[in-house]
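Asker: Read off the chains here:
4 protein chains.
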Amino acid sequence: MIKVGIIGATGYAGQELVRLLLGHKDAEIVWYGSKSYVNQKFASVFGNFTKLVDDICKGDDLDRLADEVDVIFTATPQGYLAGILTEDILNKAKVIDLSADYRIKDVSVYEKWYGIEHKSPSLIEEAVYGLCEIHREDIQSARLIANPGCYPTCSTLSVAPLARRGWIDMKTLIVDAKSGTSGAGRGAKVPNLFCEVNENIKAYGVATHRHTPEIEEQLSYIAGEPVTINFTPHLVPMNRGILVTAYATVNGSHTEDELKQAYIEDYSDEYFVRVLDGATPPETKWVEGSNFVDVNIKYDQRTNRVIMMGAMDNITKGAAGQAVQNMNLIFGLPEQEGLRLVPMVP
Amino acid sequence: MIKVGIIGATGYAGQELVRLLLGHKDAEIVWYGSKSYVNQKFASVFGNFTKLVDDICKGDDLDRLADEVDVIFTATPQGYLAGILTEDILNKAKVIDLSADYRIKDVSVYEKWYGIEHKSPSLIEEAVYGLCEIHREDIQSARLIANPGCYPTCSTLSVAPLARRGWIDMKTLIVDAKSGTSGAGRGAKVPNLFCEVNENIKAYGVATHRHTPEIEEQLSYIAGEPVTINFTPHLVPMNRGILVTAYATVNGSHTEDELKQAYIEDYSDEYFVRVLDGATPPETKWVEGSNFVDVNIKYDQRTNRVIMMGAMDNITKGAAGQAVQNMNLIFGLPEQEGLRLVPMVP
Amino acid sequence: MIKVGIIGATGYAGQELVRLLLGHKDAEIVWYGSKSYVNQKFASVFGNFTKLVDDICKGDDLDRLADEVDVIFTATPQGYLAGILTEDILNKAKVIDLSADYRIKDVSVYEKWYGIEHKSPSLIEEAVYGLCEIHREDIQSARLIANPGCYPTCSTLSVAPLARRGWIDMKTLIVDAKSGTSGAGRGAKVPNLFCEVNENIKAYGVATHRHTPEIEEQLSYIAGEPVTINFTPHLVPMNRGILVTAYATVNGSHTEDELKQAYIEDYSDEYFVRVLDGATPPETKWVEGSNFVDVNIKYDQRTNRVIMMGAMDNITKGAAGQAVQNMNLIFGLPEQEGLRLVPMVP
Amino acid sequence: MIKVGIIGATGYAGQELVRLLLGHKDAEIVWYGSKSYVNQKFASVFGNFTKLVDDICKGDDLDRLADEVDVIFTATPQGYLAGILTEDILNKAKVIDLSADYRIKDVSVYEKWYGIEHKSPSLIEEAVYGLCEIHREDIQSARLIANPGCYPTCSTLSVAPLARRGWIDMKTLIVDAKSGTSGAGRGAKVPNLFCEVNENIKAYGVATHRHTPEIEEQLSYIAGEPVTINFTPHLVPMNRGILVTAYATVNGSHTEDELKQAYIEDYSDEYFVRVLDGATPPETKWVEGSNFVDVNIKYDQRTNRVIMMGAMDNITKGAAGQAVQNMNLIFGLPEQEGLRLVPMVP
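Chains as they are written, first to last, in my numbering: chain A, 1 to 346; chain B, 1 to 346; chain C, 1 to 346; chain D, 1 to 346.
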């Protein structure tokens, strides 16, 4: 039985980790860390866990935690883990970080987009970017996982098969993304109030969103060339779900069938990526509460562009689900353990 | 392995049965019945089942189905099953009916409130009302289960401990209920369109809703006296969830603690009923996607009334989840098999 | 032209006042008061007013404000106005207070339910409760208006015709109310976040909500006897709207037609109260954005109870709209001036 | 007083026309046409008009109607008006058509994208495309107005200033649009049910949506060159609102300020177009219920692309509001008459 500690258990991603791990037969949570609710009953913060979790929230003593558990999930603000993580901790426990601290290899890029100094740049190189469908092999032997951002996960998986083959002109790539509001976190801020979000849609972080360099880094790796994109996220009045609509000009001459076939080939062995039949566009509802990413494409011969679409649950595959998938890989468990979640409709 | 057939698999309750049974280790669905989508791929109707269900929808040949399966779930319009169910079918397979056809013992009451003639009244007596927490013993030996309505399930469990003890004046009982829109079904009707339901709340079926006599019959059985109530359902702009707020005058003299203790005692062995701590009112979000019913009470000494509250997911505990719970009881399986669902937040 | 000052213009009710007064031909806002946004452009806080309002937010200097305007609207936290209002201010300008400070005549009741000391109890007696359909005459000569709470407005108007005639047993009255989330204000609090409210319904303030004594005081006045009720508000995932479902036992013998006729008579001259035809239950959507209250009743002869229903927009008739209606009465303008708003659907 | 007839008054756009015209001092509706509800009270279909409209719904006898009114609004299915409109009718009354029948000058393009034969192609040339900010002069003398589609209105106004100046490469233009659900109409279809739309987002009509050639025709006119674009609409779980996010490569060298200045110049005299300050992205909530279009841009020097954004209410400026604006222009009234609507928040 893998002993698990969570730092940041009372955020939306943190409590989703709890939901998933309660159904995982080889893992047991022994530390519910939450700065804001320390000494309070975890189930008093998230009533869904009434009678399922009796634990009291603990603090964030990472050193002590590392002694007690096999793996630590950190669902913490940017910069937090980078400020306290040490070689010593990594020698004692695996660390799967849901923040952005170790996702970007070039520390100056991180510091520029996040506007904070990185306190442990020496650990960045070792960290493995935990997008399992892309970096599976490296993940299996990692001590430190940089669990991907929600937008980068969905964007990368939606574009990868064509980027990999060089079938799209990466200089023309535009990613227009739409996210449910849980992606904004559980902080008490006016823009996230029900009456501000409900019956409204807007773009935000236009040309400046922090997930941009992360997507670019992954797509550069996959395409084998430096990639610079436009990425525009939008806030949608729903709890969960991310939809990516990406556009690129097709290189050379490819039929829609050929383009589609690239997805079918690349994802035929991937349980969590579902290539939809025919022209069916992905819908976030079809993946809600699960670790699936649904993808499909449409080729427009009028403009010689391909529209690449992906849908997933931002706090499952986009955060907690992928973190558990990483844990499974690291500990040599079946990749789907605890993640055979059937999407919930309606 | 229990072989399962579903008639009405493409309604909201039907497809929830599929979601639950896919995670049930002792059951296997072999018949996805759907009049409207016969010969179409089930997963093309409900995209959440892509790659999880490959089956094609079949028709509603109950006789043939009874030969092939151990248990039949019928999630069909009122009057449908009563028109085709026979002794012969019941000899071959257990039947768990999610419609109202066999819920009400007095056929004249059924015919009055539903406005249709009952075609197989002789089978009513045998049918067991499948509210597991109330009729567990009878369910275990039943051939035909009348799976309870969503409102009656939540109303009965919210009121039962005090009704059973005679601690409330049943003549004063008022049940004000609020439901998500999935309770209205998947029929293409103008009042259920997004733009009609969203940003709106209204009462409906005021003093005439068909679940009224069903609640009254169960509470009469529990209270040991004829019960007549006011029941008012409301339509809430959300997908899932039912909330019951019930009011009654307290008989004799009871403290809030005594009243609460009745719930704690009655439900201490019930996995699916959670009596909330302190004054916490139930919220539908805390039970979403699970088979739990959360209950709590508040005594108001100013009026000598007790406010009894219950929350559950209308298509899980209120329909498909309870149906699986009934199946488990009939087949001697652990009652929670396939139903250890952690509620999903947010 | 009436000169208007608003204290608390950047709350939901405050900015609704702005929306309404921009369409009022005899009023002009000259002071947009907002503690949190002082010196910021009002339209930068509420983008809907872009190009319509160029003003900068000012502070809350009530004395200076009283010199500059004819009427002051205060949409401020409980206790605020009571702490600074003086005879001198009332000599200079009319005050319409949207908080609860002067609504309850018995100061000890106010202090008990609100848990704060009242700092200007001597002004309570003079204040007129601004429920125009009930206290029209007194309002016309008032200097200080206690603008009613949203729940009390809807509850009182839904019950008044039967309470007035003694046709219902006031000891049996139960008010079950449902409100959109704007009623919770614009404060940055976790329980009001989109992901906490959306896809959820719950009761709150059960048996303890502060609007209870306010409803009781008005109904006592109307019924001519002391009234004690159960009042239970619920939070609904929508922006605007309040729905009241009230229950009471009918005194003596009255047909549904007689009961309905009471509403038709009492409200025949009331522009803002619409008695719906036949059995149509009120829906909040039908009144959204307007100053209307829609009411209807249903008599249940099985229980001898009448179900009284009312729907209105909580921040229009339940706050800012009624405040403007009060202003019109005080200044001798047509009561509907600026309030001939057609409800917006969908 | 202009006498108005509406065919299709019980659709969402039709009833919005009623809402707007009730507040128009120079227009009076004398014919509420509705095929589905003929002889029923209009206010019984849309309860928001209770006590405001007493009229009974009439049929669709266009000839008779033309005798009785000055202007006819048709909010009817595609192909309907083209099948019955005649020179004779146009001689008797102005016609403002909210369907697509006369929007596209090349009848073969219309027939290809709409899949229906056009029954009165001879009238297409005369019809004026009623995008007031672009074709104001022609509208003033028109008999037949092709009222623009919602997506084309928002897309065209968001892109026009840069297209007009040749400052963007029209071959690179991509329009990613998001719409509230009222755009799908009031037909009883499963995909528009609350439980299908709520908590979900998806693209639809990818590379095939009928508004594509309409946008292309307008932008070709403005840019002075043939324009072919990618246009992808998405369905958002909200009632009202359209958001456009458009991307294009900048021609030559232009600063963000220069690009922004183009919008400020072009729209300085346009009451209904609001160019937002600074980097504020448009939000649909800020225009809800009004005839405004909010626009803004962001230049990304990393990719040399400009992101052009626009937000409006799809059934006001995107349908009924623009139709009234056209009526005002035709009849020589102030363009804003009846349309000085303050957006409603929240």
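Calculated from the structure, these hints are not laboratory results. Some hints could be false.
Copies of the same chain are indistinguishable here, so a pair counts whether it falls within one copy or spans any two.
[Unchecked claim] Straight-line distance between alpha carbons at most 25 Å, and here's what the computed DSS-like set of lysine-lysine pairs gives:
#1 41 - 112
#2 105 - 35
#3 92 - 119
#4 51 - 25
#5 171 - 298
#6 298 - 41
#7 189 - 35
#8 298 - 51
#9 112 - 35
#10 119 - 41
#11 3 - 112
#12 92 - 3
#13 92 - 298
#14 3 - 35
#15 171 - 92
#16 35 - 171
Asker: Each of the hints needs a verdict: does it hold here or not?
Answerer: How the hints compare with the structure:
no.	hint	result
1	41 - 112	neither (39 Å within a copy, 31 Å between copies)
2	105 - 35	neither (29 Å within a copy, 45 Å between copies)
3	92 - 119	within (20 Å within a copy, 61 Å between copies)
4	51 - 25	both (19 Å within a copy, 23 Å between copies)
5	171 - 298	both (19 Å within a copy, 19 Å between copies)
6	298 - 41	between (49 Å within a copy, 22 Å between copies)
7	189 - 35	both (18 Å within a copy, 18 Å between copies)
8	298 - 51	between (47 Å within a copy, 21 Å between copies)
9	112 - 35	neither (28 Å within a copy, 35 Å between copies)
10	119 - 41	neither (32 Å within a copy, 39 Å between copies)
11	3 - 112	neither (36 Å within a copy, 50 Å between copies)
12	92 - 3	within (12 Å within a copy, 48 Å between copies)
13	92 - 298	neither (48 Å within a copy, 47 Å between copies)
14	3 - 35	within (20 Å within a copy, 49 Å between copies)
15	171 - 92	neither (44 Å within a copy, 56 Å between copies)
16	35 - 171	neither (43 Å within a copy, 49 Å between copies)
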